[in-house]
Amino acid sequence: MSRPTFDKQLEREKKRNEILAKMVEDKTRELFLEHEELRKTNEYLDRILSTMVAAVIVTDSDLNIVKLNSAAASLLGQTFDDLYGQSLSQIFPIPEVLKIATVGQNGDIGQIQEEYIFQRKSDERRIPVYVSMVSVRDNNGNFEGLIFVVFDISARKELEQQLLQAQKLQAIGQLSAGIAHEINTPMQFIRDNLSFVRREYEGLQPLVASYREFKEKYKEGSVPHELINKISEMEGRLDLDYSFPEVQAALGQSLEGADVVSKIVRSMKEFSHPGAEEKQFTDINKAIESTATVSRNEWKYVSEMKLKLAPALPLVPCFAGELNQVILNLIVNAAHTISDVKNAGKVGLGTITIATSAKEESVEIRVADTGMGIPERFRSKVFDPFFTTKGVGKGTGQGLALAYMTVVDKHKGSLSFETQENEGTTFIIELPLK
Amino acid sequence: MKGEIFNLFEEFIVKNWGADVFEDIYEAVHANLHTKEPFVGPGTYPDSDFLLIVSSATQKVGVPLHEAVHAFGKFCLPKLVSKMPQYVENHSHPKTFLLTIHDIIHVEVRKVFKDATPPDFTYRDPAPNKLVMIYNSKRKLYDFVEGLLDGVSEYFEVPITYTRTVTSTNGAEVCEFELTFG
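Chains A and B supply the protein sequences, listed in that same order.
So for the first sequence, our numbering puts the first residue at 1; every next one is plus one.
So for the second sequence, our numbering puts the first residue at 1001; every next one is plus one.
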């Protein structure tokens, strides 16, 4: 390399160094400004998060907590410092959520939008929550973590519970006239029977006194002839051969009547008992029997009730109170449609048949009637809210819509129907066992 | 175009023809260059400056333009590898490496140099020992790409033969390089 070339290259290198130094300065300034911008954005996002009512929880790919807002800390009942870095399974121990979270971690979509009950670690309080979860992935599809948005729905659940109870009491109120009648009939014959038994008992009292006098005289060694005649005369008057079996029958009948009343009262208690917040294992057959009993006055004038309840039916995890309401709605609907058939001129009683059966992973309830059937044009609207074909004051169009919501949305079961015009309709409820 | 390429070209001329020759080339075009100060690696400069220097160089050293650009491409490959070894060393075959150019290497280049405009590559994979690389860049440095491919072949010690077909996609001129390995 010649000297002039060396000098030129040296000069150029010096210049290059100056340019590079300037570039480094510019880059540093640029980075500082970007860092500031990022900090402000983070603060802004933190402010948004802190004002949110919903709890926001963010995990890393190992499902450890990396970010959360004050609503989350409050919901989880711990401080920020305690929560950061903790594993999701420690602070949010909902098995179903953890299962889906792990699925998301392993590469599947892993998404949740569901209601659960969450037991808070700090005070063991059970809190109903609505959980929305999505997994976060980078541009290459690698799992980066999970974002949870969790709503505390205690207040809503409380209101729902109150509404449900109000609906149930409303149903009881509507059924009460019928139930009073159902109770009154046995009470009347119990009263008549008791009057008869008292009368007979009062008649027996002088006879028993004469028997006692007879016993005393006998001990003394001389029974007056008049006493024997008196006893014979009293026995003849009381007609004991007739009276004893009648008293026995009257007592038997009264006991049966008392059983009927007792059953109605027990059924009412079972039907109107406030439901639990969580599903409970329930004897579906017993629930059906209770509901059929309390609604008897709704159907007995138009229909007979056949219960074909499978013995040894497994207990079903369900909200029993809400399910009672569904069965009541179906029974009342069945009675109404059978009544329509009678009004159209058909003679004799119709039939409502309620059958239960166990499937592999579910229990099926079929409520069949011999009513009008559902016309083709109405079939797609049956479960729509406010849809009714009943006359003014007879239906609100809420019964089947609520039944659908209860069975499908709340129990993850299915509600369908089979129908034939002028033959009848069968509603089929399927409730999962898990 | 990034200053890195200008500097590599200077290095290429100096290595093959000496520093004095490069000074003559640079002197000859300096007045016509848009960029008056020296080129630095992170800087971005007009493509026209590069083309002026290259055409001045080919005249000076008496090598046809396409041969010079091809040779420059081959020269660049090991230099570029030494700057980003982590993107090359974990490949044992040129095909898997070439398939990462667009989606990984050029993405990383853009992260480091925000204003970089590397070419677009799309791929067809017709057989295990074949690969079609479709090059799309307004610079149309087809000879440079071929030089790089020769450099890749040498680096991985796997023979690569290729044909190139210039075609048009959506009105834009693209070049398909059909590669056969082994």
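Any given hint could be a false lead.
In the BS3-like style, the derived pairs of lysine-lysine whose C-alpha atoms are separated by at most 27 Å in a straight line are [stated by the list, open to error]: (1) K27(A) to K1060(B); (2) K1060(B) to K8(A); (3) K1140(B) to K15(A); (4) K15(A) to K1130(B); (5) K1079(B) to K14(A).
Ranges of calculated distance between the beta carbons of each label pair, as one might list FRET restraints [as the list claims (entries may be wrong)]: (6) E144(A) to R1124(B): 52 to 62 Å; (7) E30(A) to P1128(B): 38 to 48 Å; (8) K1083(B) to N140(A): 33 to 43 Å; (9) D81(A) to V1132(B): 17 to 27 Å; (10) A1172(B) to D81(A): 49 to 59 Å; (11) E144(A) to D1103(B): 15 to 25 Å.
Calculated from the structure, these hints are not laboratory results.
Using N, Cα and C, we set each Cβ at its ideal position, and we do this for glycine too.
Cross-check of the supplied hints:
no. : hint                            : result
1   : K27(A) to K1060(B)              : violated, 38 Å
2   : K1060(B) to K8(A)               : holds, 19 Å
3   : K1140(B) to K15(A)              : violated, 32 Å
4   : K15(A) to K1130(B)              : violated, 47 Å
5   : K1079(B) to K14(A)              : holds, 23 Å
6   : E144(A) to R1124(B): 52 to 62 Å : violated, 31 Å
7   : E30(A) to P1128(B): 38 to 48 Å  : holds, 46 Å
8   : K1083(B) to N140(A): 33 to 43 Å : violated, 23 Å
9   : D81(A) to V1132(B): 17 to 27 Å  : violated, 57 Å
10  : A1172(B) to D81(A): 49 to 59 Å  : holds, 57 Å
11  : E144(A) to D1103(B): 15 to 25 Å : holds, 18 Å
When held up to the earlier numbered hints, the structure conflicts with 1, 3, 4, 6, 8, 9 and fits the remainder.
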